[in-house]
Amino acid sequence: MLRDNIRLALHNILHRRVRSWLTILGIIVGVAAVVALISIGDGMRNSVQAQFEDIGYSTIMLVPSGPEDQAKEAKAGAMGRMFGGNQEPTEINLDILGRLPQIASYGAMRVETAMITSEHMGGQGFLRVIGLTDGMTDAFNAYFSGFPIVQGHEFTPEDADVLILGNQVASDLGVNVGDPVQIENTAFTVIGILAARDTKAGAMTFRGLDTGLFVPMRDLEAVFGGENKISQALIEISDGTDVIVASNAIKALYTDLGTPVSTMSAEEMSQRIMGVLGGIQRALTAIAAIALLVGGIGVMNTMYTSVLERTRDIGIMKAVGAKDRDVMALFLIESGLLGIVGGGLGILAGVGISSVAGGMLAGSLVVPGVADTTTSFAASYSPLLIIGTLVFSALLGALAGALPARRAAKLRPVEALRYE
Amino acid sequence: MIKLENAARTYHMGKTDVAALRGVDLKIEDGELVAIMGPSGSGKSTLMHLIGALDQPDEGSMVFGEQDVSKQGRNQLAELRGKHIGFVFQSFNLIATLTALENVELPMMYQGVTRKDRLTKARNLLEQLGVGNRADHLPTELSGGEQQRVAIARALVNDPDLLLADEPTGNLDSKTGKQIMELLAKLNEEQGMTVVLVTHDPAVARYAQRTIHIFDGKVGQAADWEEE
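Protein sequences appear in the order of chains W and B. Take 915 as the starting number for the first sequence in my numbering and just add one per residue. Take 1150 as the starting number for the second sequence in my numbering and just add one per residue.
Honestly, I wouldn't trust all of these hints.
[Stated by the list, open to error] Calculated cross-link-like contacts (lysine-lysine; reagent style BS3-like; alpha-carbon spacing at most 30 Å): (1) B:K1232 / B:K1367; (2) B:K1152 / B:K1324; (3) B:K1335 / W:K1324; (4) W:K1324 / B:K1152.
[Unchecked claim] One-sided excerpt, in silico: chain W residues whose CB lies under 7 Å from chain B: (5) G1193; (6) I1230; (7) V1234; (8) A1236; (9) D1238; (10) P1327.
[Unchecked claim] FRET-style restraints, in silico, Cβ to Cβ: (11) W:A1200 / B:T1263: 44 to 52 Å; (12) W:L928 / B:P1188: 39 to 47 Å; (13) B:Q1216 / W:R1196: 57 to 65 Å; (14) B:S1210 / W:I1301: 50 to 58 Å; (15) B:S1292 / W:M915: 31 to 39 Å; (16) W:L928 / B:A1168: 43 to 51 Å; (17) B:E1208 / W:Y1333: 25 to 33 Å; (18) W:Y1333 / B:Q1216: 23 to 31 Å; (19) W:E1334 / B:L1287: 32 to 40 Å.
Rather than coming from a laboratory, the hints here were simulated on the basis of the structure. A virtual CB, placed ideally from N, CA and C, is assigned to each residue, including glycine.
Make a model of the complete structure from these sequences and hints.
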């Protein structure tokens, strides 16, 4: 019976070809808009997520915030400094981190601007020198984009007054491994040169890699004086620890010590950005849903017209034994089919639109201050979206057809047969 | 057997009530060929609707076989019509978008007959009624006589107990009308089919073994209105 009703319904739809297509077009527009916006939105979120995943969700960044500016400390400012901006080195008790059970490992960096003298440069200039605690580039390898050394070798604990140069600064200074470089008044030896930073290494990675002069923390302390002064720290929390809980514990700890800090984790950041993106996506989708609603009203209109036109046919069907539910089913299937066809074609149109639009948007869909502009973007089509949309459009069609179908089913055979 | 006892049917047209039937008693035995005659407005259409289980009496009873139609719900009426009654209308009432074959298939669809069986039976019937070669044509491509033959095939396809024909020759020329009437008479004669003809045409009523006259919503004598 269902198969027969589907056959009859298809027959009726095809019989009114132009009107059916126009009705379907209404659904197509709505579905296409919804699919395009959801898939672009999902793609944006995936892209943001991917950018944050570079550093990992178990890493917390810590930046000391001076007591005086603690009140006005905005997260955005802290965020900028964490990725290679300048933060006045501040003394904090780093060792205490080792005592928190939630923390697996940590490392710190101190950024100073120093007078650099190089024979090859033939003079002097101010450049950024970055002091790193032992093993930091290994422990937080991702943050340093792998710290890829192309010439020379990594720091070893035995080294003193040694220097690893970023690719750009090495070529600017024209120095090679083994060359001497003077930082302030201390002579250092170049032991390694880094590869240029991968332009695709976006997201949450250290951006001063190409222009930095990296030295062991103790050497930097020897030059500039002051122990335990850091610009920022990276903290790896232990397995099974909640990032937010750990962040809060760390902040509370340093507030008690009188040296408040700001923390930021990939999780916090991505949550915040995802929240905003999700809100925008929901708002846009709601607007697109209005188009879908109008499409549904179009189906209803078509079905009402169809019931009116076929009043006599309904009477005939009833005279030859059709029950109310047979008539109801026929019209529901008809409107449901309009919905499904519109939904299917709408999905195709939506996928088309979002892949074209996605290509155009790719360059601009990056998290400001976090990712490089080269981060790839592609609209995302989850099976749930596709299947959900198909089911929804069939339901929308059937729902829009429900009232007309009910009217058809309730027609009295005598009156329907008499209808001219 | 069809039995109406004191059956009344009143239509509510806006604020006025129109009594279409007022206390009709009649009985039609199985295997009869009966004509119901009356002028327009006499209530014969209403009577036909009651006999065909398309409508129910407000008062009195209408029994079809064993079932009291006046007490049944919409679905039961639909079932009764589908299984036991075949309709032939003046204006044929074929569904315009379906072919002759599909029109004949339709009543079987509502009885859950498989498609294969439906096609076989529909083709056979069309063949028997002399329109087998028109099976795949739309109603608009058929002559009036052909359409009425298709309609009769549709009426017979579920092996009904009653064939109810409402002015079956009304839209046909006299020669074709005669052929259709002979066909209906033959069905009655050879297969023992109960046939009820609703008509105002004495030429049609002549085929009946018995004529029931209806006038002003009541069963009466032919003289009641022929003298008017």
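Taking the hints in turn, this is what the structure says about them:
With a C-alpha separation of about 29 Å, the suggested pairing of K1232 (chain B) with K1367 (chain B) holds against the 30 Å cut-off. Annotation: proposed proximity of K1152 (chain B) to K1324 (chain B) is violated, straight-line Cα distance about 34 Å (limit 30 Å). For the hint pairing K1335 (chain B) with K1324 (chain W), the CA-to-CA distance comes to about 37 Å; that exceeds 30 Å, so the pair is violated. Proposed proximity of K1324 (chain W) and K1152 (chain B) is supported: the alpha carbons are some 27 Å apart, at most 30 Å.
At a threshold of 7 Å, the smallest CB-CB gap from G1193 (chain W) to chain B is about 50 Å, leaving the interface hint violated. This hint holds: I1230 (chain W) has a C-beta 5 Å from the nearest C-beta of chain B, less than the 7 Å allowed. For V1234 (chain W), the interface hint holds, the least distance from its beta-carbon to any beta-carbon of chain B being 4 Å, beneath 7 Å. Annotation: A1236 (chain W) was flagged as interfacial toward chain B, and the flag holds, the nearest CB pair being 5 Å apart, inside 7 Å.
Against a cut-off of 7 Å between C-beta atoms, the interface hint on D1238 (chain W) holds, since the closest Cβ of chain B lies about 6 Å away. With a cut of 7 Å, the hint placing P1327 (chain W) at the interface with chain B holds, because the nearest CB-to-CB distance is about 5 Å. Against the hinted window of 44 to 52 Å, the Cβ-Cβ separation of A1200 (chain W) and T1263 (chain B) comes to about 48 Å, which satisfies the hint. L928 (chain W) and P1188 (chain B) have their C-beta atoms about 44 Å apart, which keeps the hinted 39 to 47 Å range intact.
The given range of 57 to 65 Å is respected by Q1216 (chain B) and R1196 (chain W), whose C-beta atoms sit roughly 58 Å from each other. In this structure, S1210 (chain B) and I1301 (chain W) meet the distance hint of 50 to 58 Å, their C-beta atoms being roughly 55 Å apart. A hinted range of 31 to 39 Å holds for the C-beta pair S1292 (chain B) and M915 (chain W), which are about 33 Å apart. The hinted window of 43 to 51 Å between L928 (chain W) and A1168 (chain B) holds, with their beta carbons roughly 46 Å apart.
At roughly 27 Å, the beta-carbon separation of E1208 (chain B) and Y1333 (chain W) lies within the given 25 to 33 Å, and the hint holds. Checked against the given bound of 23 to 31 Å, the beta carbons of Y1333 (chain W) and Q1216 (chain B), roughly 28 Å apart, stay inside it. The given range of 32 to 40 Å is broken by E1334 (chain W) and L1287 (chain B), whose C-beta atoms sit roughly 20 Å from each other.
Hint compliance for this structure: hints 2, 3, 5, 19 are broken, all remaining hints hold.
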